[in-house]
Structure formats: C-alpha cells, structure tokens
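Visitor: Residue-level listing of the chains:
Protein chains: 2
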Amino acid sequence: MRSYGQYCAVARALDLIGDRWTLLIARELYLRGPSRYTDLRDGLPGIATNLLADRLRELEEAGLVAREAAPPPVAATLFSLTERGRELRPVLAALLQFGKPMMVAPPGDDVVRSYWFTFPAEQFLVDHAPAEPPVTIEVRTGDQPLVLETVDGRVRARTGTADEPDAVIAGDPELVLGTLTGGLELAEAKRRGLRYKGDPKALRRVRGFTPAAA
Amino acid sequence: MRSYGQYCAVARALDLIGDRWTLLIARELYLRGPSRYTDLRDGLPGIATNLLADRLRELEEAGLVAREAAPPPVAATLFSLTERGRELRPVLAALLQFGKPMMVAPPGDDVVRSYWFTFPAEQFLVDHAPAEPPVTIEVRTGDQPLVLETVDGRVRARTGTADEPDAVIAGDPELVLGTLTGGLELAEAKRRGLRYKGDPKALRRVRGFTPAAA
DNA sequence: CGGCATCCTCTTTGATACTG
DNA sequence: CAGTATCAAAGAGGATGCCG
Chain A
1 MRSYGQYCAV ARALDLIGDR WTLLIARELY LRGPSRYTDL RDGLPGIATN
51 LLADRLRELE EAGLVAREAA PPPVAATLFS LTERGRELRP VLAALLQFGK
101 PMMVAPPGDD VVRSYWFTFP AEQFLVDHAP AEPPVTIEVR TGDQPLVLET
151 VDGRVRARTG TADEPDAVIA GDPELVLGTL TGGLELAEAK RRGLRYKGDP
201 KALRRVRGFT PAAA
Chain B
215 MRSYGQYCAV ARALDLIGDR WTLLIARELY LRGPSRYTDL RDGLPGIATN
265 LLADRLRELE EAGLVAREAA PPPVAATLFS LTERGRELRP VLAALLQFGK
315 PMMVAPPGDD VVRSYWFTFP AEQFLVDHAP AEPPVTIEVR TGDQPLVLET
365 VDGRVRARTG TADEPDAVIA GDPELVLGTL TGGLELAEAK RRGLRYKGDP
415 KALRRVRGFT PAAA
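Top to bottom, those sequences are chains A and B.
Counting from 1, one number per residue, gives the positions in the first sequence under this note's numbering.
Counting from 215, one number per residue, gives the positions in the second sequence under this note's numbering.
Calculated directly from the structure, the hints in this document are not laboratory data.
Incorrect hints may appear among the rest.
[Claimed, not checked] Quick list of the computed label-pair ranges, beta carbon to beta carbon:
{"hint": "1", "chain 1": "B", "residue 1": "P304", "chain 2": "A", "residue 2": "E164", "range": "34 to 40 Å"}
{"hint": "2", "chain 1": "B", "residue 1": "P285", "chain 2": "A", "residue 2": "A48", "range": "47 to 53 Å"}
{"hint": "3", "chain 1": "A", "residue 1": "A48", "chain 2": "B", "residue 2": "L265", "range": "22 to 28 Å"}
{"hint": "4", "chain 1": "A", "residue 1": "S80", "chain 2": "B", "residue 2": "R300", "range": "52 to 58 Å"}
[To be verified] Calculated Cβ distances over 10 Å to all of chain B for the following chain A residues:
{"hint": "5", "residue": "A11"}
{"hint": "6", "residue": "L16"}
{"hint": "7", "residue": "G33"}
{"hint": "8", "residue": "R36"}
{"hint": "9", "residue": "A53"}
{"hint": "10", "residue": "L88"}
{"hint": "11", "residue": "Q97"}
{"hint": "12", "residue": "P173"}
{"hint": "13", "residue": "R192"}
[To be verified] To spell it out: a stretch of chain B is covered by chain A in this simulated footprint if at least three of its residues, at any positions, have a beta carbon under 8 Å from a beta carbon of chain A; those stretches are:
{"hint": "14", "stretch": "218-225"}
{"hint": "15", "stretch": "237-248"}
{"hint": "16", "stretch": "271-278"}
{"hint": "17", "stretch": "398-407"}
Since this is a predicted model, take the numbers as computed values, not measurements.
Ideal Cβ positions, reconstructed from N, Cα and C, are used throughout, including at glycine.
Generate the whole structure from the sequences, applying the supplied hints.
Guide: Pasting the structure below:
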C-alpha cells in the first residue's frame, strides 16, 4: 500500500493494515491460530489467490505474521500471528463492536463461517453467575456446530459439539446472534424460527446486554 | 467499496469504513469537529479532490456523516460526524494504540499537523495528581502550538496558546511525543535537541506510562 | 494436494484541469 | 468554496498454469 505520508499514529497504522483484505487475514489468523494457505483462502471467500500471497508476504515483512514449516507429518507451511500481530486484537474488537448493529440484517448472499461467531461470543457474552456450576450451550448455525462454555466468569467459544449441553440453540445466524447478544427476545426469536432446547436459564446466564441492535 | 460478502461484524464494518482514506476522514472530523471541504482537504494532504467528494457522499449515505449549510455569515457547507459516526472513536483509538510504536521513527518526509497530537495526548496522558491545582503545558512542535490542561483527572488538549503555562515543551515532533508519552526520558530528549522550560513537575504530572516505544 | 506465479481484464486511485 | 471532468497509472479480481 502506498503510504499516507502523515506523521500520525492512526495513519501509520493504516499504512500497515489499511489494505483491502489485510485485517480479515488477521481475523482468520487470530480466530484459527496457525493456518495453512488453503485454509486461509477458505475463510476468505472471494480473495484472489495471488493477493493472499502478496498480503501474507507484506504482513511477514511488517513483522505481523510468521511463516513456519509445519513438522514433517503435516508437510505444510503454517502462517501465524507474531506477538506484534496479536496486538491487532483491539483493532479487531473495535471493528467488531462497530459492526455489531449491522448484523441484524440477515446474511442474504453473504458467506457464513461458524467460527467467525466465536469472536463476538467471547467479546459480548459474560457469565452472570460465575459462582454456580459451569454451563455449556451448543450452537447450531452456519456450517458447523459451536460450543459455548462458562469458564471463571468468562465465556469460551470453540467449534465442536458438547456431550451433554445444558441447552442447544439453533436457527438462522441472525436469530442466534440476536438472541445471544441480547438484541432479540427469546420468544420473539422463536416466533421467527429459532429453536431452543434445554434450560432457559443457561441462555440467561451468558446473554449479552445490548437492548437494541444485536 | 465492494462488499466482502461475509456475515461477520468485522467484515461488515470494513465494508463501510475499510476504503482508503475513509478512516482518516473520520479522524479529521473527529478531531476538528464540523469542517469545511477545503479544511478537510488540508488535513488530508495527498487526497484527490474527487475522492474526498466521493468518500463524503458515501459516508453521508451510510449515515456516518452529516452535511449542513453553515449559518449565513459563514456561507459554507459543514461536514460533521453523526452520532453513529462518533461510534468510530474506539476504532480510531485502537488504531492509535497500534500505531503508537511506529511514531518513534521521525516524520522524515511525512506531513505533520499539530492538532493530530491532541488525540494521543488525550488518550495516553493522565493527570497523576488530580487533587492538586491544575497545570498547563504549552507544546510547540509541528505547524501550530498546542495546550495541554489538566481537567478533573484527565488531560485536555487543544490548539492555541496559554497565558502563563507551567511549562513549555518544544522541539521535533518525535522528541515531544516520546517525552510526553513516556517512551523517552527528558534528559535523553534534551540531549537530542528537545527544549523544556518551566516546572519539570508539570511534565511528570501528566506523563504517560509506556516504558518502551513511544 | 499446497503454495504460489502469470496473464488478462476491470475497477479504483491519483493528478490535474476546469466550473457554478 | 465546493466540488465535477478527464485520463493515466496502480491495484483488485478471476482464470489458469506450474512445481515440489
């Protein structure tokens, strides 16, 4: 990217990560950890393959991304965020917060990847009763199931399934998201097609606050 | 901007403000308040005028910027951030934080605008002794003087001069910035050409923490 | 396969000039 | 002052090819 040529921290930050796709590449690496080239491409539908290669090289030169040859059995290159690269987390979090209101509009033609929801889940959900025994919620929306678990006051999210979840929430992404983050009442979401099975307390336990705008 | 087409809050946020120049326009409006077209162009050296016009229109359509005809005596169009536009503040703040380490490199050919420093000043400086009488520091670097004032625990920054400042700090931008934010010791900065007059306590009173990397 | 490089087309940007 | 018009250059998108 062409530099803005301004002695300003915001401008200099954007010189590094203001290019198209760059922050989404960071999101992928942040959410999925060390990733192969093809997995990155998969999480970034629409990116031109040469562009991904270019960006990864730029990010590597900027010291935000490291490239490591995976141990022999795997035989692949792994890309990961460096310490400095992980400092992008607050930037991603701020964008997440800003973009939150725009998630009430359903996906439409937009691609969905379930693991993208792990970020808002960990960012917006809280365990409101940390003293009580932990709860587990299985989330079924998008392309693969997720699990939410309370762990010392926080909510952890991961892809996968739970053995005996306290509740299962399933349905269209915008309904699931709205219900979890608190912009949508469970009853209303159900009327719109959300399925919720299990203990309603589990949902209330982790639900986000936001009254309007999920 | 072409949409990323992803049902992800980060991607949807970037659909709105991921375009080149867009966040810097937001920075200008945020720092300077309602601004005229030509003033914006002045704070964004290098931007093509048609591009500025395009971006302002896009931002207006997105509901982030409002355009108002200034009252008769002025006879000009004023652009300002809407409520929603002001929600970009955390995004700018996160970028500021991320870009902070990159400010140790001197401006070189980069353009400098003094009022750009009001953002890091208010973000990184604290009044460490709110109980004591307020202090005022005049900052001379870049194109125009700035004033830092302690106001109930916080530090307020504005362009202009002070009548009887407790201290005056002057010199190259990277020295002033490094000294204020705490990455550079005053003695070291002085050896490199920084001028500091007045009560050294005034500086210590507001100085930021960051040990390394200004 | 995984990790690119090349080629081509199309869109966006940057620079400059001009206008109500 | 607040833009629009024009045009060359850079960058993005898409398809395909190559190589270990």
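Visitor: Checking against the hints above, which ones are violated?
Guide: Checked against the structure, the hints that fail are numbers 4, 5, 6, 10, 11, 12, 16, 17, while the rest are satisfied.
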